[in-house]
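Residue numbers (UniProt numbering): 1 to 636.
Keep in mind that the hints were calculated from the coordinates and are not lab data.
All of these numbers come straight from a predicted model, not from anything done at the bench.
You may find that some hints are simply not true.
[To be verified] Pairwise CB distance ranges, derived in the manner of DEER restraints: (1) Asn286 - Arg329: 22 to 28 Å; (2) Ile65 - Gln597: 51 to 57 Å; (3) Gln524 - Val568: 46 to 52 Å; (4) Pro498 - Val568: 26 to 32 Å; (5) Glu572 - Met364: 42 to 48 Å; (6) Gln365 - Leu229: 32 to 38 Å; (7) Gly95 - Leu229: 42 to 48 Å; (8) Gly540 - Leu481: 27 to 33 Å; (9) Pro71 - Pro498: 18 to 24 Å; (10) Gln524 - Leu481: 16 to 22 Å.
Here a beta-carbon is modelled for each residue, glycine too, at the ideal position from N, C-alpha and C.
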Amino acid sequence: MSGFKETFTKEEGGEKNLDYDDSAFFYFAAVLEIVILLPLIFSFIKNKILGYEKKEKLSLKNLDINTHHCPCSICAGKRAFHITPESASQKFGFGGIFQLLLISFLCYLLYITILSISESPQGIKRFDPYEILGIEIGATDKQIRSAFREMSKIYHPDKNIGNNWAAGKYLQITRAYETLTNELAKSNYERYGNPDGPSSIRFAIGLPRFLLKTENHISILIVFFIIILIVIPGSVLFWINTSKRFDKNGVLQENAGLYARVLNENLQIKHCLFMVAISLEFQDINAPKSESGELAKLRNRYLEHIPKRQNINPRILKVMLLLLAHMDRREVSETLKKDTIMIISKAVNMIETMLDASYMLNLMQKTKKMSIRTFTLLIEFSQLLTQGLMLHDSNVLMLPKIDESLLKFLGNKKKPKISELKDNDDFKKIQEKLSPEAFEDFKVVLNYLPELKVTAEAYVDGEEGISEGDLVSVKFTIERLTLKEGQKQGIAHSSFFPLLRLEKLWIILADPIANKVYYLKSIQSCDKIIEDKDFKFPIGPNAINIGVGKHKWEVHVKSDCYYGLDVVIPLEFEVLPTSQIKKDIFVHPDDQKIEKQTTWIQQVMSGLQAEESSEEEMPELEEGLESKELEDIIDS
């Protein structure tokens, strides 16, 4: 393309008439297509052909090959139903097909573009007055004037009214004629390729010639209208509605405000049920009259767990009753069973949002504070939903083939616990009562349930003790004793939860005396040993003001899937007065060696001093400045 203004404009104040360059557009289009194609092809080969999928957070689809799953028949059946081996076409997926079609289309466009470049006779367009006038290099003035007159008859604006391309062509013809008939302009062109003389290089996007044609203006405007006013705003609205509506747990963000109004330090299970029921995800759930009879029976059974007011919303009442029926292991009709599966599958994620909301309320100033029981009860609510248990039920009911009738058969006055089951006579009684197949399921699940060993340590990096003003770090270590070296924890066992769940461990650090939670975190890991060092807290009046002395906090580690297998350990530490802690500044031995070495400046100055000492005149030293003092000044 030419590098001066007159090639592209008619006259000052006149209409712009661009002579667009098709060849330059083809080069620009080819580069743009290659830039898009290369990462697409690389991603397609890596992910769809070689199978190197991006590592995402732990899920049922990316479990390790060494994962140890529950071997009971119930869990094996659920895994076979929910986790089916993917065929090659399923792995390829709709995304792979779309990506392949997109790559094929772009390759075809690139082929057409390269073909157009190869067929272009002149390559990227540049200003050539001889070519514009259609004459040979070295033509005489007579030939130049003749060519100009002939082409003016064809492209003069008076003969091409409304033809922008012809007007732009006439501007080029005029400029070419002026260049070849003016000695200075001709000399500049021959030396610099530009009649205006040397100029800086300018770059622009090559655009095709069809943009200039009048018959294409309507189509171009329609395309730009669709892109600018429909596609771009629509994409932004879609992104806002999809990504900003849900939190990290996949729960509508508006629910957090509803939960915050219900959460309190004296939380009960009925409050947890109510928070799930008022969630916006269930606002469209139906409660037809055909279900009223069955729901009325459930209401009469669970009166103590539902609000006493008579005008409760039927939708809220239905959700609460179905949750209670699931926890009580009560059979419902097929229609209600479908709703139950949908409700409890979302409820376990809502509980995580409730925990996050409780923790945020605890951190905020001038808001109601949550007790330790608030957090532990919410996690227990998740455990109860997963195992199909009511609060205060025996956790032995988590084991397969165990029901209330079998517990009554054991004849114990107190409710048996899993932790005590292997060491008493109940184990033998259960073996006598169950069939060999049922007892085998019972035994393998008993050995599969996690047994956790938890340790916690409070310390200050680089110091032996903890004093006022220090930044204290807390290290939590959780070990799954039931796993062998190299094994990974598998899908949680649950006889009554219809879906598959991966276990999460919740860490709660609290002060039982102040009844305050300082740290809450969930960890989803299948490893045998899990470490967490994220919690750090400063000691002081503007932070955790606990004062000098010994302190005893509690560390709760609770699974969100298993009821009654929680671990609670003490975290003991002592805060000493600052005067009793020696704050030594650690200096690395290598740094100490460097300090003893003579620097380059010291070596140069000592050499100069040795040379000057042989001379008789040393005014500075004569005035009392000794050599050693000079070195001390240099060192300082």
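Here's how the hints hold up against the structure:
1. Asn286 - Arg329: 22 to 28 Å: 24 Å, holds
2. Ile65 - Gln597: 51 to 57 Å: 55 Å, holds
3. Gln524 - Val568: 46 to 52 Å: 21 Å, violated
4. Pro498 - Val568: 26 to 32 Å: 31 Å, holds
5. Glu572 - Met364: 42 to 48 Å: The hinted range 42 to 48 Å is violated for Glu572 and Met364, with Cβ atoms some 29 Å apart.
6. Gln365 - Leu229: 32 to 38 Å: 46 Å, violated
7. Gly95 - Leu229: 42 to 48 Å: Since Gly95 and Leu229 have Cβ atoms about 29 Å apart, the given range 42 to 48 Å is violated.
8. Gly540 - Leu481: 27 to 33 Å: 39 Å, violated
9. Pro71 - Pro498: 18 to 24 Å: Check passed, 20 Å falls within 18 to 24 Å.
10. Gln524 - Leu481: 16 to 22 Å: Since Gln524 and Leu481 have Cβ atoms about 19 Å apart, the given range 16 to 22 Å holds.
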